[in-house]
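Residues in the sequence shown are numbered consecutively from 1, following UniProt numbering.
Since the hints were made in silico from the structure, they are not lab data.
Every residue gets a Cβ at the ideal spot worked out from N, C-alpha and C, and that includes glycine.
Among the hints, a few may not be true.
Claimed, not checked - Subject to a maximum C-alpha distance of 27 Å in a straight line, what follows is the list of computed DSS-like cross-link-like pairs (lysine-lysine):
| id | residue 1 | residue 2 |
| --- | --- | --- |
| 1 | Lys125 | Lys170 |
| 2 | Lys125 | Lys210 |
| 3 | Lys210 | Lys170 |
| 4 | Lys135 | Lys178 |
| 5 | Lys99 | Lys160 |
| 6 | Lys249 | Lys291 |
| 7 | Lys125 | Lys249 |
| 8 | Lys285 | Lys125 |
| 9 | Lys135 | Lys210 |
| 10 | Lys249 | Lys210 |
| 11 | Lys318 | Lys287 |
| 12 | Lys210 | Lys318 |
| 13 | Lys135 | Lys125 |
| 14 | Lys178 | Lys210 |
| 15 | Lys160 | Lys178 |
| 16 | Lys170 | Lys99 |
| 17 | Lys318 | Lys99 |
| 18 | Lys99 | Lys287 |
| 19 | Lys99 | Lys243 |
| 20 | Lys135 | Lys99 |
| 21 | Lys170 | Lys160 |
| 22 | Lys125 | Lys291 |
| 23 | Lys318 | Lys291 |
| 24 | Lys285 | Lys243 |
| 25 | Lys178 | Lys99 |
| 26 | Lys243 | Lys125 |
| 27 | Lys249 | Lys285 |
| 28 | Lys243 | Lys287 |
| 29 | Lys285 | Lys318 |
| 30 | Lys135 | Lys170 |
| 31 | Lys160 | Lys135 |
| 32 | Lys125 | Lys160 |
| 33 | Lys99 | Lys210 |
As the list claims (entries may be wrong) - Restraint-style ranges between C-beta atoms, simulated for each label pair:
| id | residue 1 | residue 2 | range |
| --- | --- | --- | --- |
| 34 | Arg180 | Pro298 | 49 to 57 Å |
| 35 | Thr190 | Lys249 | 24 to 32 Å |
| 36 | Lys318 | Ser144 | 49 to 57 Å |
| 37 | Pro70 | Ala134 | 36 to 44 Å |
| 38 | Leu321 | Asp79 | 44 to 52 Å |
| 39 | Ala317 | Ile266 | 29 to 37 Å |
| 40 | Asp192 | Asp322 | 48 to 56 Å |
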Amino acid sequence: MAPKRSSRHFAASSDAAPKKAKAAAPKKAKASAPKKDATPTKAAASPKKAAASPKKAAASPRAPFEPLEPPPGWRRTWDCVRALRADRTAVVDSMGCEKLADPDASDEDRRYHTLVSLMLSSQTKDTVNAATMAKLVARGLSVSSILDDVPEDEFHEMIKGVGFHNVKTKTIRAATLKLREDHGGAVPGTMDDLLALPGVGPKMALLVLKCAFGVTAGVSVDTHVHRICNQLGWTGGAPTTDKANFATKDPEKTRRAVESWMPRAIWGDVNWLLVGLGQEVQTEKPKLLRKALAADDPAFAVGLLAALGVDVARVAAKEGLDLPG
1 MAPKRSSRHF
11 AASSDAAPKK
21 AKAAAPKKAK
31 ASAPKKDATP
41 TKAAASPKKA
51 AASPKKAAAS
61 PRAPFEPLEP
71 PPGWRRTWDC
81 VRALRADRTA
91 VVDSMGCEKL
101 ADPDASDEDR
111 RYHTLVSLML
121 SSQTKDTVNA
131 ATMAKLVARG
141 LSVSSILDDV
151 PEDEFHEMIK
161 GVGFHNVKTK
171 TIRAATLKLR
181 EDHGGAVPGT
191 MDDLLALPGV
201 GPKMALLVLK
211 CAFGVTAGVS
221 VDTHVHRICN
231 QLGWTGGAPT
241 TDKANFATKD
251 PEKTRRAVES
261 WMPRAIWGDV
271 NWLLVGLGQE
281 VQTEKPKLLR
291 KALAADDPAF
301 AVGLLAALGV
311 DVARVAAKEG
321 LDLPG
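The whole structure should be built from the sequences, with the hints applied where relevant.
Below you can see the structure in the form of structure tokens.
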């Protein structure tokens with residue numbers, strides 16, 4: 001029964017989420033650009049189609065969104081998340097896209113490495129992406145090498161381990177060609193220019209700006225961030241682990257919802273904190289529970305894990321751990 005008390009403790013401390021009247025995203029917010037960050041489809045195989053209408057894609061990240069009130073108790077939850085992630089031992093902390101660029105390469109090439117690693121990462125495990133990037137860097141990864149020295153079939157063979165490798169072969173080479181034709185071979189440092197690249201949507205563009213240029217232009221939302229923000233009630237609805245009841249139905253709507261109330265000063269930390277937490281929730285529950293039990297407020301931390309869908313009683317029983325009363 002202890003885990004249930006911990007869960008209620010967390011819910012009481014976090015308070016209710018904003019009223020449901022504010023939960024629904026405006027219907028006009030159905031922008032097409034976010035799909036570039038979603039699971040690739042066969043339509044993405046055509047560079048021309050992926051690159052079409054850059055103006056519409058660029059407009060999407062700043063589409064209007066009715067501001068939400070900050071969820072009561074969010075700061076305490078945020079501080080608990082920071083504490084649980086203080087050790088930085090999730091997979092993303094050592095194999096995230098910003099870690100895969102060759103440190104000895106030029107600034108221009110390192111930025112290109114970051115862009116390519118992000119384009120490869122969709123629907124791909126970090127470990128697989130890291131191994132693929134290592135092969136590309138060893139072969140020589142730059143705009144000129146990909147366009148002039150590495151045949152398309154060889155490039156495809158090197159990235160064959162990642163998800164949707166056929167589509168990514170086309171979109172990465174198309175984006176690389178656009179870099180040469182429109183930007184002198186350099187990765188651009190503006191949101192609009194990044195969104196005009198084939199296969200690049202808001203999530204990737206924001207991470208490129210943050211990791212390659214040190215610019216925080218928004219909250220980069222992947223599936224982990226999308227899920228956790230809805231589970232915590234940070235997107236305008238009540239906290240829930242039921243995906244069908246999430247207040248926002250896709251990462252782009254989640255981004256706009258969170259940005260509408262979250263202090264801009266912490267936008268840059270949301271992705272790495274919540275992605276790592278999400279990875280540990282999925283694959284390292286015992287380690288995560290031990291960190292929660294060692295927290296300043298174990299009952300609150302354990303309740304947070306329960307709110308994220310962790311069966312804390314089951315994990316504790318299996319690991320021989322005592323839960324707070």
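Cross-check of the supplied hints:
The straight-line distance between the Cα atoms of Lys125 and Lys170 is roughly 20 Å, inside the 27 Å bound, and the hint therefore holds. With a C-alpha separation of about 21 Å, the suggested pairing of Lys125 with Lys210 holds against the 27 Å cut-off. For the given pair, Lys210 sits about 25 Å from Lys170 by alpha-carbon distance, which is consistent with the 27 Å threshold. Proposed proximity of Lys135 and Lys178 is supported: the alpha carbons are some 23 Å apart, at most 27 Å.
The suggested pairing of Lys99 with Lys160 holds, with an alpha-carbon distance near 21 Å, which does not exceed 27 Å. A C-alpha spacing of about 31 Å is found between Lys249 and Lys291, which places the hinted pair above 27 Å, so the restraint is violated. Taken as a hint, the Lys125 and Lys249 pair is honoured in the structure, with Cα atoms around 23 Å apart against an allowance of 27 Å. Our distance criterion of 27 Å between C-alpha atoms is met by Lys285 and Lys125, whose separation comes to about 18 Å.
The hinted pair formed by Lys135 and Lys210 meets the criterion: a straight-line CA distance of about 24 Å does not exceed 27 Å. Pair hint Lys249 plus Lys210 holds up; C-alpha atoms about 25 Å apart against a cutoff of 27 Å. Note on Lys318 and Lys287: the hinted pairing holds, with a Cα-Cα distance of about 12 Å set against a maximum of 27 Å. Between the alpha carbons of Lys210 and Lys318 the distance comes to roughly 40 Å, so the proposed pair goes past 27 Å and is violated.
In summary, the hint linking Lys135 to Lys125 is supported, as the alpha carbons are separated by about 16 Å, within the 27 Å threshold. Under the criterion of a C-alpha separation no larger than 27 Å, the hint pairing Lys178 with Lys210 is consistent with the structure, at around 21 Å. Distance check on the hinted pair: Lys160 and Lys178 sit about 23 Å apart at the alpha-carbon level, within 27 Å; holds. Only pairs whose Cα atoms come within 27 Å are accepted, and Lys170 paired with Lys99 is accepted, the gap being roughly 24 Å.
The hinted pair formed by Lys318 and Lys99 fails the criterion: a straight-line CA distance of about 34 Å is larger than 27 Å. Restraint check for Lys99 and Lys287: the C-alpha separation of about 23 Å stays at or below 27 Å, so the hint holds. Taking the CA atoms of Lys99 and Lys243, the gap is about 31 Å. The hint is violated against a cut of 27 Å. Straight-line distance between C-alpha atoms of Lys135 and Lys99 comes to about 15 Å, which keeps the hinted pair within the 27 Å bound.
A distance of roughly 13 Å separates the Cα atoms of Lys170 and Lys160; the hinted pair therefore holds under the 27 Å criterion. As the CA atoms of Lys125 and Lys291 are separated by approximately 24 Å, the hinted pair is consistent with the 27 Å bound. Note on Lys318 and Lys291: the hinted pairing holds, with a Cα-Cα distance of about 16 Å set against a maximum of 27 Å. The suggested pairing of Lys285 with Lys243 holds, with an alpha-carbon distance near 20 Å, which does not exceed 27 Å.
Between Lys178 and Lys99, the direct Cα distance comes to roughly 25 Å. Compliance with the 27 Å bound is thereby established for this hinted pair. For a cut-off of 27 Å, the pair hint linking Lys243 to Lys125 stands: about 22 Å separates their Cα positions. Pair hint Lys249 plus Lys285 holds up; C-alpha atoms about 26 Å apart against a cutoff of 27 Å. At roughly 25 Å between alpha-carbon atoms, Lys243 and Lys287 fall within 27 Å of each other, so this suggested pair holds.
At roughly 11 Å between alpha-carbon atoms, Lys285 and Lys318 fall within 27 Å of each other, so this suggested pair holds. Note on Lys135 and Lys170: the hinted pairing holds, with a Cα-Cα distance of about 18 Å set against a maximum of 27 Å. Taking the CA atoms of Lys160 and Lys135, the gap is near 11 Å; set against the 27 Å cutoff, the hint holds. For a cut-off of 27 Å, the pair hint linking Lys125 to Lys160 stands: about 13 Å separates their Cα positions.
About 13 Å separates the Cα atoms of Lys99 and Lys210, which keeps this hinted pair within 27 Å; it holds. Between Arg180 and Pro298 the C-beta distance comes to about 55 Å, which sits within the given range of 49 to 57 Å. Against the hinted window of 24 to 32 Å, the Cβ-Cβ separation of Thr190 and Lys249 comes to about 28 Å, which satisfies the hint. The hinted window of 49 to 57 Å between Lys318 and Ser144 holds, with their beta carbons roughly 53 Å apart.
The given range of 36 to 44 Å is respected by Pro70 and Ala134, whose C-beta atoms sit roughly 42 Å from each other. Evaluation of the 44 to 52 Å hint for Leu321 and Asp79 yields a failure: the beta carbon distance comes to about 23 Å. About 36 Å separates the C-beta atoms of Ala317 and Ile266, a value consistent with the hinted range of 29 to 37 Å. Here the CB-CB span from Asp192 to Asp322 is close to 54 Å, well matched to the stated 48 to 56 Å.
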